[in-house]
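Asks: Residue-level listing of the chains:
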Amino acid sequence: MATPFSCSSSKWDQRAIPERGAAFFERWQTTRISNPRPLAEKSRSHDVFDGPFATISGRGGFGPVPGIRFRNLTLGYDDHPAVHHLEGEIAPGSLTAVIGPNGSGKSTLIKGIVGQLSPLEGLIEISGPERCGIAYLPQQAAIDRTFPISVFDLVALGLWCEIGSIRGLTAKQRGRVIEALSAVGLDGLERRPITTLSGGQLQRALFARVLLQNSRLILLDEPFTAIDAKTSADLMALIERWHGEARTIIAVLHDIELVKERFPQAMMLARTTVAWGETREVLTASNLLKARAMSESWTEDAPWCRRRGAT
Amino acid sequence: MLYDLLISPFAEYAFMRRALAGSVAVSIGAAPIGVIMMLRRMSLVGDAMAHAILPGAALGFLLFGLNLLPMTVGGVVAGLAVALLAGVVARNTIIREDASLAAFYLISLALGVLIISLKGSAVDLMHVLFGTVLALDDAALVYLAGTATVTSLALAVMLRPLVAECVDPGFLGVVGGPGTFVHLGFLVLSVLNLVAGFQALGTLLAVGIMMLPAASARFWAHTLEGMIGVALAVGIGSSLVGLLVSYHLSVASGPAVTLSAGVVYLVSILIGPVSGVMWSILPKRHRTA
Numbered sequence: 001m002a003t004p005f006s007c008s009s010s011k012w013d014q015r016a017i018p019e020r021g022a023a024f025f026e027r028w029q030t031t032r033i034s035n036p037r038p039l040a041e042k043s044r045s046h047d048v049f050d051g052p053f054a055t056i057s058g059r060g061g062f063g064p065v066p067g068i069r070f071r072n073l074t075l076g077y078d079d080h081p082a083v084h085h086l087e088g089e090i091a092p093g094s095l096t097a098v099i100g101p102n103g104s105g106k107s108t109l110i111k112g113i114v115g116q117l118s119p120l121e122g123l124i125e126i127s128g129p130e131r132c133g134i135a136y137l138p139q140q141a142a143i144d145r146t147f148p149i150s151v152f153d154l155v156a157l158g159l160w161c162e163i164g165s166i167r168g169l170t171a172k173q174r175g176r177v178i179e180a181l182s183a184v185g186l187d188g189l190e191r192r193p194i195t196t197l198s199g200g201q202l203q204r205a206l207f208a209r210v211l212l213q214n215s216r217l218i219l220l221d222e223p224f225t226a227i228d229a230k231t232s233a234d235l236m237a238l239i240e241r242w243h244g245e246a247r248t249i250i251a252v253l254h255d256i257e258l259v260k261e262r263f264p265q266a267m268m269l270a271r272t273t274v275a276w277g278e279t280r281e282v283l284t285a286s287n288l289l290k291a292r293a294m295s296e297s298w299t300e301d302a303p304w305c306r307r308r309g310a311t
Numbered sequence: 312m313l314y315d316l317l318i319s320p321f322a323e324y325a326f327m328r329r330a331l332a333g334s335v336a337v338s339i340g341a342a343p344i345g346v347i348m349m350l351r352r353m354s355l356v357g358d359a360m361a362h363a364i365l366p367g368a369a370l371g372f373l374l375f376g377l378n379l380l381p382m383t384v385g386g387v388v389a390g391l392a393v394a395l396l397a398g399v400v401a402r403n404t405i406i407r408e409d410a411s412l413a414a415f416y417l418i419s420l421a422l423g424v425l426i427i428s429l430k431g432s433a434v435d436l437m438h439v440l441f442g443t444v445l446a447l448d449d450a451a452l453v454y455l456a457g458t459a460t461v462t463s464l465a466l467a468v469m470l471r472p473l474v475a476e477c478v479d480p481g482f483l484g485v486v487g488g489p490g491t492f493v494h495l496g497f498l499v500l501s502v503l504n505l506v507a508g509f510q511a512l513g514t515l516l517a518v519g520i521m522m523l524p525a526a527s528a529r530f531w532a533h534t535l536e537g538m539i540g541v542a543l544a545v546g547i548g549s550s551l552v553g554l555l556v557s558y559h560l561s562v563a564s565g566p567a568v569t570l571s572a573g574v575v576y577l578v579s580i581l582i583g584p585v586s587g588v589m590w591s592i593l594p595k596r597h598r599t600a
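If you're matching them up, the sequences are chains S and B in order.
Mapping of the first sequence onto my numbering: position 99 corresponds to residue 99, and the numbering continues sequentially without gaps.
In my numbering, each residue carries its 1-based index in the second sequence increased by 311.
If you're looking for bench data, these hints aren't it; they were derived computationally from the structure.
Mixed in with the good hints there might be a few duds.
[To be verified] Here are some, though not all, of the chain B residues that point toward chain S, as calculated from beta-carbon distances under 8 Å: (1) Phe-375; (2) Arg-471; (3) Gly-484; (4) Val-485.
[As the list claims (entries may be wrong)] One-sided excerpt, in silico: chain S residues whose CB lies under 7 Å from chain B: (5) Pro-138; (6) Trp-160; (7) Ile-166; (8) Leu-169.
Where is the CB? At the ideal position from N, CA and C, for every residue including glycine.
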């Protein structure tokens with residue numbers, strides 16, 4: 001593999017796709033994020049088409065488990081790529097850790113998948129889109145912790161798909177919110193304003209919201225950063241429970257040991273993929289060294305990338 | 312005595328009753344908007360938008376003279392145009408919302424002053440800058456009451472997504488909620504209320520009845536509902552007190568109303584139970600857990 005910063009680097013070989021055959025391809029027709037998109041659609045998360053596999057009714061449950069495919073995907077800011085010509089797929093029902101040094105494009109990739117950033121080039125395709133959207137755990141910095149909202153109200157937003165803007169919560173739904181809080185160990189804190197929560201407690205509350213969203217596509221951006229060992233262990237158990245329920249989960253992580261022990265799949269990014277696949281094959285000394293060697297800097301006069309649609 | 316002080320100005324003069332009804336209506340619409348603006352750190356954005364309505368109002372004035380209806384329509388159109396333009400630019404370019412608004416409102420303000428200077432006298436300019444709360448006609452009262460009604464209903468419908476947007480700006484977009492709609496809807500409500508404030512208090516002070524009660528409320532309540540309640544009370548109370556002061560002391564009514572709210576704010580800083588200065592001087596106790 002070439003050095004990460006050179007243009008012709010990512011030689012992703014579309015593995016797994018031939019093995020699964022043509023039937024697998026037919027599923028990639030539901031949700032597409034591509035560039036250029038019309039201005040008016042920019043703030044929407046996805047363009048969801050009612051393809052033959054988009055048959056999810058009610059919360060979670062039915063239809064195929066979502067998978068994600070990246071096709072020659074370049075995401076970035078201004079002209080500078082943060083994710084460069086990414087090719088490959090996240091298999092439905094997989095549990096993938098995204099790792100890599102600071103500035104390697106991990107969070108950028110997540111933002112691309114949820115639709116907060118549109119590609120400079122290429123496509124993100126999501127099969128079997130969830131009616132209620134993706135469950136996305138943002139980095140804590142994205143939350144305004146000074147806003148006067150109670151823990152209960154923050155977590156109850158996870159029921160958005162059921163309650164929308166104006167519907168009140170039924171007794172049953174209130175029960176589910178309390179249950180979700182209890183599942184993450186926040187019993188009795190539901191009336192507290194979020195300002196009074198510690199970092200770990202807020203992270204638990206956000207996990208409770210993901211729990212309520214009941215989506216089968218879950219994206220976690222640094223779920224364990226600045227979280228103590230006990231809380232991480234509790235939340236990791238929750239992630240493994242979701243994995244057992246055949247949900248597709250992608251988590252951005254920095255703890256290599258944790259990835260080694262608990263995540264079957266890993267994607268190592270350094271602007272492009274250094275390695276991607278079975279975790280033990282990805283986390284080799286030479287790969288880690290390669291990722292570490294990634295140059296974080298770019299110059300204003302970096303040459304224009306000439307690589308075109310690889311698919 | 313008390314009757315003379317508090318009741319008789321309103322009992323005897325219709326213009327005082329109209330002024331009271333108008334400014335109470337403005338308070339009801341503006342208070343919750345002000346609280347949300349403050350919590351979104353947009354307190355000064357309100358000020359910027361209040362200035363942005365000026366060219367529209369000025370154009371109405373240029374064409375129809377000092378007539379509230381065309382000035383209102385012009386103000387709403389100009390305010391919405393600036394707010395929406397600024398919003399679109401902020402959402403689609405590198406410029407953030409505050410800078411985007413600042414740019415557009417400055418263009419707008421300059422345009423407004425230019426238009427007024429084409430025709431108006433100093434007296435007219437005073438009217439535009441300081442409002443005409445003592446000369447509200449029927450149409451103006453209907454607009455003020457209508458704005459308060461629309462604002463209350465709209466906020467009831469969009470409070471949840473609005474709060475979601477404030478706390479976690481990415482959330483609604485990801486779950487397919489009306490993120491952009493809520494954002495723009497809030498801007499529209501802000502403009503409607505600023506035009507209402509403009510009629511009562513003029514372009515310079517329109518923001519006073521929106522932000523001063525909101526900023527005061529921060530010192531008295533922990534929850535959003537509580538803050539909105541306090542802001543309503545402060546807004547309505549300042550309207551009443553301000554008009555009475557204006558009547559008895561023969562001072563300009565707009566500044567009197569705004570200053571009344573200002574006094575409440577200063578008192579709140581001192582004795583408000585939430586982080587008021589006085590409480591930090593007293594010895595502190597703490598609980599066991």
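Asks: If a hint holds in the structure, say so; if it doesn't, say that too.
Replies: Status of each hint after checking the structure:
Violation of the interface hint for B:Phe-375 is found here, the shortest Cβ-Cβ separation to chain S being roughly 36 Å, above the 8 Å cut-off. Annotation: interface hint on B:Arg-471 holds; nearest CB of chain S at approximately 5 Å, less than 8 Å. Annotation: interface hint on B:Gly-484 holds; nearest CB of chain S at approximately 5 Å, less than 8 Å. The interface hint given for B:Val-485 holds, since its Cβ lies 5 Å from the closest Cβ of chain S, which is under the 8 Å cut-off.
Hint status for S:Pro-138: holds, given a least beta-carbon distance of 6 Å to chain B, under 7 Å. The closest approach between the C-beta of S:Trp-160 and any C-beta of chain B is roughly 5 Å, which is under the 7 Å cut-off, so the hint is satisfied. Because the smallest distance between the Cβ of S:Ile-166 and any Cβ of chain B comes to about 6 Å, under 7 Å, the interface hint for this residue holds. The criterion of a C-beta within 7 Å of any C-beta in chain B is not met by S:Leu-169, whose closest approach is roughly 11 Å, and the hint is violated.
Violation of the numbered hints given earlier is confined to hints 1, 8; the remaining hints are satisfied by the structure.
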